[in-house]
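Number of protein chains: 2
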Amino acid sequence: MTIKLYCFGESGNAYKAALALELSGLDWTAVYVDFFGGETRQPAFREINIMGEVPVLVDRDVTLTQSGVMQMYITEKTGKFGGTTPEEAREVMRWMFWDNHKLSSPAGMTRFLMNFLPEDKRPEGVIPFTQARLKAAYTTLDTHLAGRDWIVGDAITNADFSCCGYLYYPEPFGFDRKDWPNIDRWLDNISAAPGWKHPYDLMPGSPADRA
Amino acid sequence: MTIKLYCFGESGNAYKAALALELSGLDWTAVYVDFFGGETRQPAFREINIMGEVPVLVDRDVTLTQSGVMQMYITEKTGKFGGTTPEEAREVMRWMFWDNHKLSSPAGMTRFLMNFLPEDKRPEGVIPFTQARLKAAYTTLDTHLAGRDWIVGDAITNADFSCCGYLYYPEPFGFDRKDWPNIDRWLDNISAAPGWKHPYDLMPGSPADRA
Chain B
1 MTIKLYCFGE SGNAYKAALA LELSGLDWTA VYVDFFGGET RQPAFREINI
51 MGEVPVLVDR DVTLTQSGVM QMYITEKTGK FGGTTPEEAR EVMRWMFWDN
101 HKLSSPAGMT RFLMNFLPED KRPEGVIPFT QARLKAAYTT LDTHLAGRDW
151 IVGDAITNAD FSCCGYLYYP EPFGFDRKDW PNIDRWLDNI SAAPGWKHPY
201 DLMPGSPADR A
Chain R
1 MTIKLYCFGE SGNAYKAALA LELSGLDWTA VYVDFFGGET RQPAFREINI
51 MGEVPVLVDR DVTLTQSGVM QMYITEKTGK FGGTTPEEAR EVMRWMFWDN
101 HKLSSPAGMT RFLMNFLPED KRPEGVIPFT QARLKAAYTT LDTHLAGRDW
151 IVGDAITNAD FSCCGYLYYP EPFGFDRKDW PNIDRWLDNI SAAPGWKHPY
201 DLMPGSPADR A
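Residue numbers (UniProt numbering), protein chains in the order written: chain B, 1 to 211; chain R, 1 to 211.
Next comes chain B alone, as it looks inside the complex (with noise of 0.2 Å):
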């Protein structure tokens, strides 16, 4: 039975699950959620998800959030992208953590910030903030890839995946992959493996269907 995941194309962190669902080879379709329509914030979509976030993933009887949870269920079904030694998978787990704290949730707010909210609505004082704040996570990836090819080990793994969530999107929030020399020739290692796809080609819906 195909697997089901939720998600809208603006959403790094669907597209981290989609990316390993899709690199995966298991069978598996986009279910559209109309974000910006408010579908998130129904009660309907909160019996689903107490935490009203994308991307939820329906496998039979299974329902999963945070796609952190999926990417370790999809390593669970495949025994792919979960690093090859215990000491890897630490590695990958560390890095999806450090991902979701310090990368992937300021900017993601960031961008939201900067290309989805009216320019009257945009609160004073904080997207600078967190673009310093970003800088520095910016630093820490771009200095451990000195060298390296993937985060972990000798191939793609969900840190990978994880960490490269919000930075292909066109959208301006403060980051250019030129500015980061091991940054960019790695997210080139990314989008060079069979099968990868641009998240507004990977999920439906993009900002172009609103223009």
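By construction, these hints were calculated from the structure, which means they are not laboratory data.
Possibly wrong hints are sitting among the right ones.
Identical chains share a label here; the pair holds if one copy fits it or two copies do between them.
To be verified - Below, in silico cross-link-like pairs of lysine to any residue (SDA-like), each with a Cα-Cα straight-line distance of 20 Å or less:
| # | residue 1 | residue 2 |
| --- | --- | --- |
| 1 | K135 | I50 |
| 2 | K135 | G38 |
| 3 | K135 | M109 |
| 4 | K135 | R41 |
| 5 | K121 | Q131 |
| 6 | K4 | P118 |
| 7 | K135 | G108 |
| 8 | K77 | A89 |
| 9 | K135 | N49 |
| 10 | K135 | R177 |
| 11 | K135 | Y168 |
| 12 | K178 | G25 |
| 13 | K178 | H198 |
| 14 | K135 | Q42 |
| 15 | K121 | K135 |
| 16 | K135 | L113 |
| 17 | K77 | E88 |
| 18 | K80 | D176 |
| 19 | K135 | G52 |
| 20 | K135 | F112 |
| 21 | K121 | A136 |
Keep in mind that this is a model prediction, so the values were computed, not measured.
With the hints as your guide, set chain R onto chain B.
Just chain R now, with coordinates in the frame of chain B:
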């Protein structure tokens, strides 16, 4: 051999690992990190953890960073706190990721800005913005805890350790447990666990030392 946890009292992220270690019965000791003296920004510390963050756990030849990874490691070693079924295990991970993204990350930052940064250095507009986001997170957690003693299943798990990380501290950051009856009751459940200690009793260093 005794597990070492590099930590300091004010770190709620370190508390998540310290509390799991303490209640697990494993032999561990705290090693003080002078965060406020700049130790985590020094090259020697960055050698240990490129992320520049506390906590760091060292168990013989295993060095771990990210409290979530430490909690998983403690579960691996002891069989405790990880949930009793695959479903519970995923649900524990779900709340750990959610916490890292939506609760502890903004709570720790807001507490830092309001209590540990000179007033003239506090960035304009950031505190009320983050407090509004935190209110949504408290609402999610409080709603989930209605009719439950623990976040997952019938016993204390890593989900509880993770989500409570910043919630016992006395420094004000906009969280008053009396406003959230289910969170309040749940925090009482955790602190009634045999061996429980307050962060300033469990780890070295507190604002009192610098007063």
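Exercise. From the Cα coordinates, with 20 Å as the cut-off, is the pair K135 and G108 best called within, between, both, or neither?
Worked result: both (14 Å within a copy, 19 Å between copies)
Exercise. How would you label the pair K178, H198 (within, between, both, or neither) given a Cα cut-off of 20 Å?
Worked result: within (18 Å within a copy, 46 Å between copies)
Exercise. At most 20 Å between C-alpha atoms: does K135 with G52 qualify within a copy, between copies, both, or neither?
Worked result: between (28 Å within a copy, 14 Å between copies)
Problem set entry | Within, between, both or neither: K135, Q42 at alpha-carbon 20 Å | between (35 Å within a copy, 18 Å between copies)
Exercise. Given identical chains, is K135 near F112, meaning Cα to Cα at most 20 Å, within a copy, between copies, both, or neither?
Worked result: Intra 17 Å, inter 19 Å, cutoff 20 Å: intra and inter.
Exercise. Is it within, between, both or neither when you check K80 against D176 at 20 Å Cα-Cα?
Worked result: Classified as neither; 30 Å inside a copy, 44 Å across copies.
Exercise. When no copy is named, should K135 and Y168 be tagged within, between, both, or neither for a Cα gap of at most 20 Å?
Worked result: within (17 Å within a copy, 31 Å between copies)
Exercise. Quick one: K121 to Q131, C-alpha cut-off 20 Å, is that within a copy, between copies, both, or neither?
Worked result: both (18 Å within a copy, 17 Å between copies)
Exercise. 20 Å Cα cut-off: does K135 pair with N49 within a copy, between copies, both or neither?
Worked result: between (32 Å within a copy, 18 Å between copies)
Exercise. At most 20 Å between C-alpha atoms: does K77 with E88 qualify within a copy, between copies, both, or neither?
Worked result: both (18 Å within a copy, 17 Å between copies)
Exercise. Is it within a copy, between copies, both, or neither that the alpha carbon of K135 lies no farther than 20 Å from that of I50?
Worked result: between (32 Å within a copy, 15 Å between copies)
Exercise. How would you label the pair K135, R41 (within, between, both, or neither) given a Cα cut-off of 20 Å?
Worked result: between (31 Å within a copy, 15 Å between copies)
Comparing the model with each numbered hint stated earlier shows that hints 6, 12 and 18 do not hold.
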